[in-house]
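2 protein chains.
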Amino acid sequence: MSATISPLAPKKYPKMPAIEGVRIATAEAGIKYKNRTDLLTMVFDAGTTVAGVFTRSKCPSAPVDLCRQNLGQGKARVLVVNSGNANAFTGKRGRETTSMTAAAAAKAVGCSVEEVFLASTGVIGEPLDPGKYSHLLAGMAKDARPDQWSEAAKAIMTTDTFPKVITATVKLGDVDVTLNGIAKGAGMIAPDMATMLSFVATDAPIAAPVLQDLLSKGTAKTFNAVTVDSDTSTSDTLLLFATGAAAKRGAPEITDPKDARLGAFRRAFNKMLKTLAIQVVRDGEGARKQIEVTVTGAKSARSAKRIALSIANSPLVKTAVAGEDANWGRVVMAVGKAGEPADRDRLAIWFGDNRLAVDGERDAGYSEEATSAYMKRDSIVIRADIGIGRGKATVWTCDLTKEYVAINGDYRS
Amino acid sequence: MSATISPLAPKKYPKMPAIEGVRIATAEAGIKYKNRTDLLTMVFDAGTTVAGVFTRSKCPSAPVDLCRQNLGQGKARVLVVNSGNANAFTGKRGRETTSMTAAAAAKAVGCSVEEVFLASTGVIGEPLDPGKYSHLLAGMAKDARPDQWSEAAKAIMTTDTFPKVITATVKLGDVDVTLNGIAKGAGMIAPDMATMLSFVATDAPIAAPVLQDLLSKGTAKTFNAVTVDSDTSTSDTLLLFATGAAAKRGAPEITDPKDARLGAFRRAFNKMLKTLAIQVVRDGEGARKQIEVTVTGAKSARSAKRIALSIANSPLVKTAVAGEDANWGRVVMAVGKAGEPADRDRLAIWFGDNRLAVDGERDAGYSEEATSAYMKRDSIVIRADIGIGRGKATVWTCDLTKEYVAINGDYRS
Numbered sequence: 052m053s054a055t056i057s058p059l060a061p062k063k064y065p066k067m068p069a070i071e072g073v074r075i076a077t078a079e080a081g082i083k084y085k086n087r088t089d090l091l092t093m094v095f096d097a098g099t100t101v102a103g104v105f106t107r108s109k110c111p112s113a114p115v116d117l118c119r120q121n122l123g124q125g126k127a128r129v130l131v132v133n134s135g136n137a138n139a140f141t142g143k144r145g146r147e148t149t150s151m152t153a154a155a156a157a158k159a160v161g162c163s164v165e166e167v168f169l170a171s172t173g174v175i176g177e178p179l180d181p182g183k184y185s186h187l188l189a190g191m192a193k194d195a196r197p198d199q200w201s202e203a204a205k206a207i208m209t210t211d212t213f214p215k216v217i218t219a220t221v222k223l224g225d226v227d228v229t230l231n232g233i234a235k236g237a238g239m240i241a242p243d244m245a246t247m248l249s250f251v252a253t254d255a256p257i258a259a260p261v262l263q264d265l266l267s268k269g270t271a272k273t274f275n276a277v278t279v280d281s282d283t284s285t286s287d288t289l290l291l292f293a294t295g296a297a298a299k300r301g302a303p304e305i306t307d308p309k310d311a312r313l314g315a316f317r318r319a320f321n322k323m324l325k326t327l328a329i330q331v332v333r334d335g336e337g338a339r340k341q342i343e344v345t346v347t348g349a350k351s352a353r354s355a356k357r358i359a360l361s362i363a364n365s366p367l368v369k370t371a372v373a374g375e376d377a378n379w380g381r382v383v384m385a386v387g388k389a390g391e392p393a394d395r396d397r398l399a400i401w402f403g404d405n406r407l408a409v410d411g412e413r414d415a416g417y418s419e420e421a422t423s424a425y426m427k428r429d430s431i432v433i434r435a436d437i438g439i440g441r442g443k444a445t446v447w448t449c450d451l452t453k454e455y456v457a458i459n460g461d462y463r464s
Numbered sequence: 052m053s054a055t056i057s058p059l060a061p062k063k064y065p066k067m068p069a070i071e072g073v074r075i076a077t078a079e080a081g082i083k084y085k086n087r088t089d090l091l092t093m094v095f096d097a098g099t100t101v102a103g104v105f106t107r108s109k110c111p112s113a114p115v116d117l118c119r120q121n122l123g124q125g126k127a128r129v130l131v132v133n134s135g136n137a138n139a140f141t142g143k144r145g146r147e148t149t150s151m152t153a154a155a156a157a158k159a160v161g162c163s164v165e166e167v168f169l170a171s172t173g174v175i176g177e178p179l180d181p182g183k184y185s186h187l188l189a190g191m192a193k194d195a196r197p198d199q200w201s202e203a204a205k206a207i208m209t210t211d212t213f214p215k216v217i218t219a220t221v222k223l224g225d226v227d228v229t230l231n232g233i234a235k236g237a238g239m240i241a242p243d244m245a246t247m248l249s250f251v252a253t254d255a256p257i258a259a260p261v262l263q264d265l266l267s268k269g270t271a272k273t274f275n276a277v278t279v280d281s282d283t284s285t286s287d288t289l290l291l292f293a294t295g296a297a298a299k300r301g302a303p304e305i306t307d308p309k310d311a312r313l314g315a316f317r318r319a320f321n322k323m324l325k326t327l328a329i330q331v332v333r334d335g336e337g338a339r340k341q342i343e344v345t346v347t348g349a350k351s352a353r354s355a356k357r358i359a360l361s362i363a364n365s366p367l368v369k370t371a372v373a374g375e376d377a378n379w380g381r382v383v384m385a386v387g388k389a390g391e392p393a394d395r396d397r398l399a400i401w402f403g404d405n406r407l408a409v410d411g412e413r414d415a416g417y418s419e420e421a422t423s424a425y426m427k428r429d430s431i432v433i434r435a436d437i438g439i440g441r442g443k444a445t446v447w448t449c450d451l452t453k454e455y456v457a458i459n460g461d462y463r464s
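Chains as they are written, first to last, in the numbering used here: chain C, 52 to 464; chain G, 52 to 464.
By construction, these hints were calculated from the structure, which means they are not laboratory data. Don't take every hint at face value.
Because identical chains cannot be distinguished in the list, a pair is counted as satisfied if it fits within a single copy or across any two copies.
[Claimed, not checked] Cut-off 25 Å, straight-line C-alpha distance, at most; resulting in silico cross-link-like pairs (PhoX-like, lysine-lysine):
| # | residue 1 | residue 2 |
| --- | --- | --- |
| 1 | K109 | K350 |
| 2 | K427 | K453 |
| 3 | K309 | K62 |
| 4 | K222 | K350 |
| 5 | K427 | K158 |
| 6 | K268 | K85 |
| 7 | K325 | K453 |
| 8 | K268 | K193 |
| 9 | K350 | K443 |
| 10 | K443 | K109 |
| 11 | K109 | K66 |
| 12 | K443 | K322 |
| 13 | K143 | K193 |
| 14 | K350 | K272 |
Go ahead and model the full structure; you've got the sequences and the hints to work with.
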């Protein structure tokens, strides 16, 4: 946690309701941080289904390996998350740590080790001693309460400056079901699962394969469309839990991803993922401005997304926004370097509603004054129309400031 | 030009000899900068051959278009370069500017417009008025002198903090021939022709197709293996001119790239490109440290280069080096995100001679003290052995500092 809260932090946070079938406890295990919580235990009632998406890194963390393995069963009873140490690139000892943690967690809640899910975030390469926290799990499982969602979001923070929480209530059939989500950023964030950690739970009765379908489709335009610094973490994990408790109140059991009754739920879930993903960007390390990049007129949606990410990951574009400089020439550069089909002489560029370039050159009607005023906002929209097709994509990022360099220049020490 | 010279600037500069058949003039045209030269004219004797490599950007500048067009003839009589305005993304007016400049230059030296080569560097998207400098070309062509190489290097600088010059003399057959090179960086530097502009000239009598072969092969492990910020310019241009004047002194005319007599020349040329490319990195915007990244044991050389660039372009690796922090976990991350074949449990990482990780975890013999001392050096070598093949590659970059953000946060204004 940083001393300075991001200027893009929400003005207010939602009051997080309970999700029936989920109980939460946090603790100060002192893994790396002092005087703050760094351990989260989330206990699920029997019958809870689970789905997950993970980093595409070729060097995934030990907890990611464990989650992938346990996901096959589609059942979850407990989630244990620590901050301060990623248990990544820790070799055989890393696997011993996840085994021992899973055993302790399974014992604490009385389930099998295949129903345990783990996530760790923080420094890479330092061995994580399970002795620091595994003795706490039994007590946490016993003391866990349904009203601890905000505390959960705080316990998983690293360089985040604010906790990320969101809640939604929607109809499933005729019955209200609730979705709660938490996430943490804030550096080493790039597509291929953008946030390092995010957890969503609902009381809706949804089968694991349907959850997985919701999750896999939902991430493409949300978590996989945000980038802070183009650096993909070893630990990115997004888990979705469904306790099914709403079935008692008459919510229909959903076993088919095409079930029409899932519509409102899917929309609410996707909106939640988008909001959490954008919160991660708004708390990007050193972020002072949110940047939305939309590319239209590309050859395909896939091509549009690649161009959009080329713009969003360009250090020169990001530093220009930090300097409140409408340097659209750098957007031209980023379009040009993306390697995707483009025609220089058809390209048009907007910052907000200000069209700066059209037909391959500066817009004659371009107003430096209006654009400079626009650049002072804390949320900047960049649009590039490639002019050769119908492909469209939007991604989100933040500016690149001196604070990013300061935060990352001495993070480990 | 920046007020503060890079701490990585050369301690001394070579005295640049003349190249027979090349005359140089510089001038203060006031295109953007004041009280410094910003215009370079290089005049070549009749019979000079030329080769070039250019940016792969889909949005190339107007001068790049013109050079590509004129290269077909393989003959050069004059090069005109301006700094302060890139004449990129300037549409029809940009093409008019290159046409008018080429016409004025051709008239000044008495050659055809197809024998004119142009390069422009600076801001993108601002129209470049040829009226600002085209009237100067006739006088410059007349006053041009062979001993102006250092002045030439200064006139093409933008945010560079020192001029980049190099010279070499080698045998071609039994005759000494000379190679002179200049380059400018310093931001918007990434593979796909790394420097924005570099020009090399020799008095060796070498046919244009042979020059092109030398150049295309020479850039792969030199200019195309350096990166400052992963941003590829619209204007990257490297031109190689051969006046052939040494033929009078008995140097053999080289018309076949496989000619054995070319060996020493090729080696000297490649070394020159490497030195110029590394100088560009050492003058990268805000650079305080040079970083050499070598990847060994990858599946192929191509795979090794991709992994090396993933490490070299990672903002988290670059900020860690800036902070003198041997944060090898970020190297693991960068290997993992490269998308190339890798086996976490075979990976080994060195900073200098300090092996920090081996067999997928922290090296038991790792000394924090020795490594911390090493990180204080101004040239850092990172090596990652992937452990699965024989592919090898080396790339060069610089650290990412607050100064980079400062330089690029208000460059245009």
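Now the hints, each set against the structure:
Taking identical chains as interchangeable, the C-alpha atoms of K109 and K350 lie at most 25 Å apart only when they sit on different chains, with a minimum of 14 Å there against 30 Å within one chain. For the homomeric pair K427 and K453, the shortest alpha-carbon distances inside one copy (17 Å) and between copies (21 Å) are both at most 25 Å. Proximity of K309 and K62 under a CA criterion of 25 Å is satisfied in neither setting, with 37 Å inside one chain copy and 69 Å between copies. Taking the shortest alpha-carbon separations for K222 and K350, neither the intra-copy value of 38 Å nor the inter-copy value of 52 Å comes in at or below 25 Å.
Taking the shortest alpha-carbon separations for K427 and K158, neither the intra-copy value of 55 Å nor the inter-copy value of 48 Å comes in at or below 25 Å. In this assembly of identical chains, K268 and K85 lie within 25 Å of each other by CA distance neither inside one copy nor across copies; the values are 39 Å within and 55 Å between. For a Cα distance limit of 25 Å, the shortest separation of K325 from K453 qualifies neither inside one copy, at 27 Å, nor across copies, at 31 Å. For the identical chains of this complex, K268 and K193 are neighbours neither inside a copy (36 Å) nor across copies (68 Å), given an alpha-carbon limit of 25 Å.
In this assembly of identical chains, the alpha carbons of K350 and K443 lie at most 25 Å apart only when taken from the same copy (9 Å versus 35 Å across copies). When the C-alpha separation of K443 and K109 is checked against a cutoff of 25 Å, the pair qualifies only between copies, where the shortest distance is 19 Å, while the shortest distance within a copy is 29 Å. When the C-alpha separation of K109 and K66 is checked against a cutoff of 25 Å, the pair qualifies neither within a copy, at 38 Å, nor between copies, at 49 Å. Taking the closest pair of Cα atoms, K443 and K322 come within 25 Å of each other only inside a single copy of the chain (19 Å); across copies the shortest separation is 45 Å, beyond that limit.
Taking CA atoms no more than 25 Å apart as the test, K143 paired with K193 passes in neither setting, with 31 Å inside one copy and 73 Å between copies. For the homomeric pair K350 and K272, the shortest alpha-carbon distance inside one copy (18 Å) is at most 25 Å, but the shortest distance between copies (33 Å) is not.
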